[in-house]
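Colleague: Numbering follows UniProt numbering, with no gaps: position 14 of the first sequence is 14.
Each hint should be verified, as a subset may be incorrect.
Straight-line distance between alpha carbons at most 27 Å, and here's what the computed DSS-like set of lysine-lysine pairs gives [said to hold, decoys possible]: (1) K463 - K684; (2) K373 - K415; (3) K474 - K166; (4) K245 - K134; (5) K703 - K373; (6) K169 - K82; (7) K373 - K218; (8) K330 - K348; (9) K218 - K134; (10) K530 - K415; (11) K330 - K703; (12) K684 - K330; (13) K703 - K348; (14) K530 - K134; (15) K82 - K373; (16) K593 - K415; (17) K169 - K180; (18) K7 - K703; (19) K421 - K684; (20) K82 - K134; (21) K348 - K373; (22) K218 - K415.
Keep in mind the hints are simulated off the structure, nothing from the lab.
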Amino acid sequence: MPKTILKIALDVPLDRLFDYLSGGNVAQIGQRVLVPFGRRSQIGIVMGFAETSEFPIEKLKPVTQVFVDELPINTETLNLIKFSADYYQYPFGQALLSALPSRLRQIAPAVSRKQFAYQLTEFGRTQSVDQIPKRQLVTRRVFEALQASELLTEVELDAISSGARKAAKQLVLDGWASSKQVQAGLRVLEQQSAIEPDLNEEQAHAVEQIVQNSTEFKAWLLHGITGSGKTEVYIRLMQHFLASKDAQVLVLVPEINLTPQLESRFRSRFANIPLVSLHSNLSESERLHHWQMAQSGAAKIVIGTRLSIFTPLPNLKLIIIDEEHDGSYKQQDSMRYHARDIALVRAKRLNIPVVLGSATPALESWHNATANKYNLLSLNQRAVTAAQLPNIECIDTTKVNLQQGLTPQLITALKLRLARKEQSLLFINRRGYSPVLLCSACHWIAPCMRCSSRLVVHLGQRKLRCHHCGHEQKIPLQCPSCGNADLHPTGHGTQRLEQTLAQLLPTARIARVDRDSISRKNALVEILDKVHNQEIDILVGTQMLAKGHDFPNLTLVGVIDTDSALHSPDFRASERLFAQLMQVAGRAGRADKAGQVIIQTQFPEHVLFNALRSQDYVSYANAMLQEREQVQFPPYVFMALLRAEANDFALVQQFLNHAFKLVRDLSTDVTVYDPIRPQMERLKGMERGHVLMQTSNRGALQKLLRNLVSQLRGQAIAAKVRWAIDVDPLEF
DNA sequence: AGCACGCCGACT
DNA sequence: GTCGGCGTGCTC
Numbered sequence: 001m002p003k004t005i006l007k008i009a010l011d012v013p014l015d016r017l018f019d020y021l022s023g024g025n026v027a028q029i030g031q032r033v034l035v036p037f038g039r040r041s042q043i044g045i046v047m048g049f050a051e052t053s054e055f056p057i058e059k060l061k062p063v064t065q066v067f068v069d070e071l072p073i074n075t076e077t078l079n080l081i082k083f084s085a086d087y088y089q090y091p092f093g094q095a096l097l098s099a100l101p102s103r104l105r106q107i108a109p110a111v112s113r114k115q116f117a118y119q120l121t122e123f124g125r126t127q128s129v130d131q132i133p134k135r136q137l138v139t140r141r142v143f144e145a146l147q148a149s150e151l152l153t154e155v156e157l158d159a160i161s162s163g164a165r166k167a168a169k170q171l172v173l174d175g176w177a178s179s180k181q182v183q184a185g186l187r188v189l190e191q192q193s194a195i196e197p198d199l200n201e202e203q204a205h206a207v208e209q210i211v212q213n214s215t216e217f218k219a220w221l222l223h224g225i226t227g228s229g230k231t232e233v234y235i236r237l238m239q240h241f242l243a244s245k246d247a248q249v250l251v252l253v254p255e256i257n258l259t260p261q262l263e264s265r266f267r268s269r270f271a272n273i274p275l276v277s278l279h280s281n282l283s284e285s286e287r288l289h290h291w292q293m294a295q296s297g298a299a300k301i302v303i304g305t306r307l308s309i310f311t312p313l314p315n316l317k318l319i320i321i322d323e324e325h326d327g328s329y330k331q332q333d334s335m336r337y338h339a340r341d342i343a344l345v346r347a348k349r350l351n352i353p354v355v356l357g358s359a360t361p362a363l364e365s366w367h368n369a370t371a372n373k374y375n376l377l378s379l380n381q382r383a384v385t386a387a388q389l390p391n392i393e394c395i396d397t398t399k400v401n402l403q404q405g406l407t408p409q410l411i412t413a414l415k416l417r418l419a420r421k422e423q424s425l426l427f428i429n430r431r432g433y434s435p436v437l438l439c440s441a442c443h444w445i446a447p448c449m450r451c452s453s454r455l456v457v458h459l460g461q462r463k464l465r466c467h468h469c470g471h472e473q474k475i476p477l478q479c480p481s482c483g484n485a486d487l488h489p490t491g492h493g494t495q496r497l498e499q500t501l502a503q504l505l506p507t508a509r510i511a512r513v514d515r516d517s518i519s520r521k522n523a524l525v526e527i528l529d530k531v532h533n534q535e536i537d538i539l540v541g542t543q544m545l546a547k548g549h550d551f552p553n554l555t556l557v558g559v560i561d562t563d564s565a566l567h568s569p570d571f572r573a574s575e576r577l578f579a580q581l582m583q584v585a586g587r588a589g590r591a592d593k594a595g596q597v598i599i600q601t602q603f604p605e606h607v608l609f610n611a612l613r614s615q616d617y618v619s620y621a622n623a624m625l626q627e628r629e630q631v632q633f634p635p636y637v638f639m640a641l642l643r644a645e646a647n648d649f650a651l652v653q654q655f656l657n658h659a660f661k662l663v664r665d666l667s668t669d670v671t672v673y674d675p676i677r678p679q680m681e682r683l684k685g686m687e688r689g690h691v692l693m694q695t696s697n698r699g700a701l702q703k704l705l706r707n708l709v710s711q712l713r714g715q716a717i718a719a720k721v722r723w724a725i726d727v728d729p730l731e732f
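Kindly produce the complete structure, drawing on both the sequences and the hints.
Modeller: The structure is reproduced here in structure tokens:
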């Protein structure tokens, strides 16, 4: 009996596979297919074969099309996604399809597209670069590259410059070059790799340890203070692994902002090794192309954001997770996975090493390191030996007269840098002009109608804006509550700080970096270039500035207001704040100049600042862990949230009460708490609530969640609210 | 999730 | 008389 039935995963919120007749088509596991589903067509992935079906055989439909020209997804990737879907209580088909580039979710064959490639004509070969005007730099470089190479594809041209395609087209018009269509591939230009810096003893030790254990699963926690040269350790490791034929390395980075930076550093050091990036700033076709290069094994280095943890990589030999503590590794909608945790699972299943790098490891990771589940490697010296640690001081804002929110000490320090022609960075985690619009008469505050939040004043556009739902409205001329015309923007945001500085220090050249000023595609790169060229004296910005950027002439970092995080009800707030402040402090004095960090706070004696002043992650982490253990918080217990939202809170409450009772009856090993409302009670017009489940027994929690989800799916009330399970939640 | 069917209220 | 509201049910 031939196996004529295909078991197919579809992008539907039903956690099962669907049976189809193969219809004579030959398909492999992991292959993409098109099938009829209800009245429409759907893309599916073949997950298995069978001879019989539980479903009435006469109702089975045949698959419409098998995309035989595409590589099937390998079983390692399928199994990893299956594990994730089970662990995070998410329908497998949806988890699988959402891990693919969007082009592969669309109903069209996605064979690698054709692209144009250029070569010199007979005439072009007789020409010299000196005939091209010196100012047409890109054209000159493209011409030289064409001289050096037989054929250059568009992707290869992109590596020269963003204007290189245009220059190549012009060369065709001039008769110097010709173009033709070729199958998209991935070659690299022959060029010299950048010079290798020497490693210090700690770096060398770290590399050696991992290299000596390179063929088995081990989790390495690379704890290195800012400037200690973690990236150089990654590069040496990659060199080692990539030396064996076909080997692939996956590097995860927290945000797209950091991708181009690391990408160019890797490209300069791995000039002849094919590298692709995977992040949401790519166009759909770029994303597909890069993904397919990874899947085929052509790309040896893959650098990407969290979603790239699910990329099929046939010869994966090493996973590196940079800034492993970063919260953006956790997806906050649909399947709420943590890319770092999935990376650990993937490495373990492949029996390969995984390296977690951070200056301030997540407490979960630190806990695992101290419990010897992870292997700890410490980098305590700054890689540039002359570089000194910054001097950190807290200024008590209750004891001095503030000038527009700035302490005299900070202003003096800023003036000193200006006089010395050194640069400063002011860190303030609030976008906009001021976070609150306040009525001086009745103390009315402009609220967001759709969220339980306040509207932020944006003076530039003369608008009030909600940073949670994006709602915008005009700034009212009088108080809607009492009619008073005296409305005050209260508190400080980046825009106001920028304005204040311009008044106080009229000679200073100031640049602001936040989501508003960076929305244009190359804006951040342009500002950072200006900083490097000493065209900026003071940078004002949000946490976007905290990460990765290296400014040798920056010697002062000011932190304006972080007190709200000190007393936040979120038990992870202080961990996050500490990591953030360590990171910004690390921006100061990276080269041969000692840095100064000034923190303005009402609580200068807070333990967090004491730890920060001595740059002592280890003691602070241990102290935080002790606290967590006493009150039984993660990592000492495992948590899961049942989140729900609806227009009408009564429905949410009814649903959560029902779920609460279910959980109570389902498991004795898991503690369940009464439904409560999250910090953001209302978001985008939806009333929200959640139920917290907690246990020291991960297996019991998994079992409970499986039962809970299957029971809830049948309930009428569950259809009236939007609900989701969040395993190992980061936000409450 | 879509997309149907289905049974009740105000409109050309 | 029908257009359309969203409840309910199904998809191999």
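Colleague: Checking against the hints above, which ones are violated?
Modeller: 2, 3, 4, 6, 9, 19, 20 and 22
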